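With chain A's structure known, arrange chains B, C and D on it following the hints.
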Amino acid sequence: MVEAVTENAALRWIPLLPLIAAAISGAWLVFGRRELPRVAVIALACGAPIASFAIAVVQVFALATELPADARFYVDNLYTWISAGDFHAELSFLLDPLSAVMVLVVTGVGSLIHVYSVGYMDDDHRDDRGFQRFFAYLNLFMFSMLMLVLGDNLLVMFVGWEGVGVCSYLLIGFWYLDDYNAKCGQKAFVVNRIGDFGFLLGIFLLFWSFAQAGVPTVEFREMAANVGLLANQTVELPAWLSFLPGYPNWGLLTLACLCLFIGAAGKSAQIPLYVWLPDAMAGPTPVSALIHAATMVTAGVYMVCRMSFAYSLAPGAMATVAWIGALTAFFAATIGLAQTDIKKVLAYSTVSQLGYMFLAAGVAAYSSAIFHVMTHAFFKALLFLAAGSVILGMHHEQDITKMGGLRRRMPVTWAVFLVGVLAISGVPPFSGFFSKDEILLSVNLAHGIPGHEWLWLIGLATAFLTAFYMFRLYYLVFTGESRADRHTQEHIHESGNWILFPLVVLAVLSVIGGFFGLPDAYGELFGVEESNSLHHFLQPVVNAAEHHVDHATEFGLAAITTVVGLAGIALATLLYYWRRDLVPKLVQAIQPLYALVRDRYRIDELYDAAIVRPLAGLSRAVLARIVDQGLIDGVLVNGTANFVRATADGALKYLQTGQAQSYLFAMLLGGALLIAWLVRGA
Amino acid sequence: METPTVFVSIFLFALVLLVFAPIMTWVERKQSALMQDRIGANRASILGFKALGLIHPLADVIKMITKEDTIPTGAHKLLHLVSPFIAVAPAIISFAVIPYGGTYEMWGAHVSLCVADLDYGVLFIFAIGSIATYGSMLAGWAGNNNWGMLGSIRVSAQMISYEVALGISVVGLFMIFGTLRLTEMGLLQQETFRLFGFLEHFGWVAQGTAWIDWITIPMWGLVLQPLPFFMFLTALMAENKRAPFDTPEGESEIVAGYFIEYSGMKFGLYMMGEWIEVVVISALLTAMFLGGWTLPWLPEASIISYMTPLVGENMANVAAMVLAVHVFLIKVIVLIWFQMLIRWSMPRFRYDQVMDLGWKILLPLSLANVVITGLGILIVQEVTR
Amino acid sequence: MGDISPFHFQVVAALIFMIGVLGVLTRRNMIVVFMCIELMLNAANLSLLGFSREIGNDQGQILAFMVMVVAAVEVAVGLAIIISLVRNRDTMDIEDVSQLKW
Amino acid sequence: MRTALFWVFSISAVASALGVVGNLRSPINSALSLVVSMLALAGLYVLLEAQFVGLIQVMVYAGAIVVLFLFVIMLLNLRGSGTRGAELQPIMKAIGSLVVFGSTLWLVRTLAADRAPWPDVDAGFGTTRAMGEALYTDYVLSVQVAGVLLLAGIVAAVVLAKKKVD
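Chains as they are written, first to last, in my numbering: chain A, 3 to 684; chain B, 343 to 727; chain C, 264 to 365; chain D, 292 to 457.
These are computed hints drawn from the structure, not numbers from a lab.
Note that the structure is a prediction, hence the values are computed from the model and not measured.
Idealized CB from N, CA, C, for every residue including glycine.
One or more hints might be untrue.
Stretch-level coverage of chain B by chain D, calculated; a stretch enters the list once three of its residues show a Cβ under 8 Å from a Cβ in chain D [stated by the list, open to error]:
1) 454-468
2) 472-480
3) 494-507
In silico lysine-lysine, DSBU-like type, Cα no more than 35 Å apart, as pairs [said to hold, decoys possible]:
4) Lys409/B <-> Lys392/B
5) Lys419/B <-> Lys409/B
6) Lys364/C <-> Lys453/D
7) Lys392/B <-> Lys405/B
8) Lys419/B <-> Lys405/B
9) Lys655/A <-> Lys364/C
10) Lys185/A <-> Lys404/A
11) Lys405/B <-> Lys372/B
12) Lys702/B <-> Lys453/D
If we strip away everything but chain A, and leave its shape as in the complex, we get:
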């Protein structure tokens, strides 16, 4: 059942170009005496992703137009990476509709952010050669992300998966001279590693079970073709897990999908592993936009969609994904209400939106999830970049309580930020409206998921909260009187063209992005057949649930969503535009709750007390003292050395006479004995 594939050797250049650029500037950093000329760095760093984008556009266009809808597969097989017995893992790239959308988003948004970074990092002099180092990392990230997206099997995907983790770590701690930034990077890395461990377990489990079934493979299309072999297999849970629902027998695929989802939760910042993403804001703002909003954090969603053939056979795992997604969306949105750091607000909003995507994936609306990935990439990148522009204008001030009234001083930034806020709030016809609406529609119709009505309500509530806190952010930053100190006020300025150009492009995309996936019902209003082109493009490769509803229901639900969003906007307008004096009173009234929310529910402290400290204590007391110093150092390392020294000094050294001939004599006697032993039978 494996579909016909078409070889296409152009694919390899999409990830290779950024790698080459990263290698050149990285090698120059290591071996060169000084930084490359700025022009060269810019040409290299921006040229590579732009060229990748160009290749991607051409190849995706060819994919969409030249191949029949049910066989849209371009494969580029570089070489056999691992060959062991029956098992072969190729280093190969796959371009199908799913990865096509992701590649376009990654390279397109990535190119814009590269251009933006030129302006943003231009006056950064915090450390020597930072400019070139930054772009080397950024290009390396592009390469890893493209490996992840284009990988034809789980192993290649895993390489990219780990690669983006490393780049994320490097870029969060980019200004490593500040201890706080370095610690944030470590936190992100460690939390991601926990998720990656689950991901690895999932890969092993899948590979093992496919091998048991006689198909040793990790390749996506082969797995999808043979997944039926595993559908009814179960695993027996050990007794100490008897509290789990469905004990004692779980579906094999359910277990595997849950393991994979742990990885996705780590990478995409879902409960309980979301804690790293807000701290990741320590990195430069373009990094937050590219990695921690637009691309890397959506890798989990992409992976779930990519593995949809397995998830579709594991309803338990699907329900888990949906519920975790919904809870994360709501939970993060509430935290977002009380944050005062402009980037933190956006970070929690990212976590919340990612929750939406998992909600969609969990109800088998994969194309909606990918649609939201795309629109979210546009407007969230836009918001982050605009926030970066604000931060630059305010001389690296990130506290929104010290901003205000920026509308006149930064008109372009203001305009694009407003577009972004409208898009994320789900105001029609901005892009966020369509994608969010489609997700909520799918949730409402997902009768297979237990408690889907509740999921829908949570989604709706999240939409309300999203609209509220985003407009709170907008009003606090751009309207009213400036609350900054005099000196800063005098120097507020609009950013340069390197920064404004990507902003404008992204603003345009945020406005029109929704029309790539305009639901069919809307299309029919304007007489367009199958207007949801994204959905129809993706449909052959993801096992999406098909649902048919009459237009009245669809428009009705959309109306509810819109009204809820507008209500959130209205409340924000009331509290933060017309009657700002009400806010302190309100806060006073719910002081304990407000403090809890402001402190992010003290989850970090909980983790610290429950996991980090006991673990560190155990490591220090037992592993470090007893195992490492006592056993390994004392007995194994020093003990071996002492033993050897004692025996050598006591006895063996007298064998070494310094006379070459006595050595030779011993050697010959040994050789003679050996020969005698070899021919003893003859």
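Chains B, C and D in isolation, oriented as in the chain A frame:
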């Protein structure tokens, strides 16, 4: 090759060699006299007949044989005795593999004008030549003389050094001919190639253009590998230890070097060894680079087939054989003359200059030649495929 | 004496090898010890070539060729070491060079 | 013919090998015995259809290696190294090596069983062409390694012999 014909070729070979060696003394004297603008070698006479000094070799022999044979005290008697023979023997032995004519059929017998037509002919000469070192080395040591000792050290260093360049300089030629057998090399050098054939090959002129077929070049080693010819000649002359490479003798520095303690016919053997070596060098170069016994543009087979109707097959072969030997001799004589010219033109190199020439000039050039020849062969193969 | 067989060559090889061993163990002059090592190498070569001829396989000849290459290098380096030793310690006696001990 | 040549070569090889070891007067004599041994061995090689290796034996061993030995002996100007007693190692080692001698002969005797006489080999066996083809196709890596080894040896010899250490 049947046993009787071996004796034929050995006889011819001995004739060539033994006639040449004594005459060399005369040639040497005459050449030097010519170059130094004096009349040389005109004293010895029999009943007043001087015969252009041709009687001198005879006088030399008589003098050497009748002279007292001295053995210094403290000398290693055995080695002192055998060293001269070790010096001469390799030169004579190495002649065995050099062909001075092709293979001819006459009256039912195959006559091959090559005593031992070995598969690894050139290698054999190198191997035998490397033994010649002992003759000189041991001579200096056996005489229990410090000058001799210095000569021995110089001999060994110089000969080992030049053996390296000697071998590598002709690797390019082996690559082109694809054989080490000297008779095969001779046959291959009869062939010709069209100098402007590439014009036709690339289509720059029309196929079958007449003048392109006319302008042909014999595939002599000298044509194919001009630089190695001179490098090989240089290395061989250095191996032979004659001026300008005569540092091991170096009369003005270490008196007479390794043969300082020799007199009489033993000394004569060293001289004879050198002269035979001159002939061997010329013969070897002729066989490898100058087309051996063949005439350019005129293959031996066509000569035989042209003459057969006139004089019969046997006589045609005999004629071709005689012609071949003479062609070979003429080429050898030209080369001998060339060596004499060098020997009397150049002053002696300093010792470090000898080493520099061997290690820093000849060796890198030879290696470069191997690489360049390889590239050339590849290009030719690629183009003509 | 009869016709010879490949086995005869192995006997010759063994004899020469053992003569080399004898020399290495009993002589003190470093250069002579070194020559005896060369004898042993050559005996090994003879054995290799004998077996190569016996089974009609040229791998033994290749191996012998490589042994010669290694021997050439070994002699060059070894003699350089001996020259250096004689210059610095003024001795050729292998028993005088025994500093490398406890 | 082959039998006769075998006896000539093998007897001279063994005898001159004994000469290398037994000549206590001067290392020069040992070196000369070594040359004879090498040449005799080359003869044996040729009897074994290994013409190429035999020629290389003459060129490398007789032509270069032993010359190098002689060169060093002359350079260091060694004329004998004293009395007989000073040359010989303690009897123990001689006895030990005789033990090994005996065991080796026993090994030879053991191996002597089931020896095929002379198998036929094709005409190309051991020729320069066969060796060259084998060396530059199947064993090309060995050739390259040998080249690197020779280079290293040249450098090492030059550095070692160049100047006084300390």
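Here is how each hint holds up against the structure:
no. : hint                  : verdict
1   : 454-468               : holds (count 5)
2   : 472-480               : holds (count 6)
3   : 494-507               : holds (count 7)
4   : Lys409/B <-> Lys392/B : holds, 24 Å
5   : Lys419/B <-> Lys409/B : holds, 19 Å
6   : Lys364/C <-> Lys453/D : holds, 27 Å
7   : Lys392/B <-> Lys405/B : holds, 18 Å
8   : Lys419/B <-> Lys405/B : holds, 23 Å
9   : Lys655/A <-> Lys364/C : holds, 8 Å
10  : Lys185/A <-> Lys404/A : holds, 26 Å
11  : Lys405/B <-> Lys372/B : holds, 20 Å
12  : Lys702/B <-> Lys453/D : holds, 18 Å
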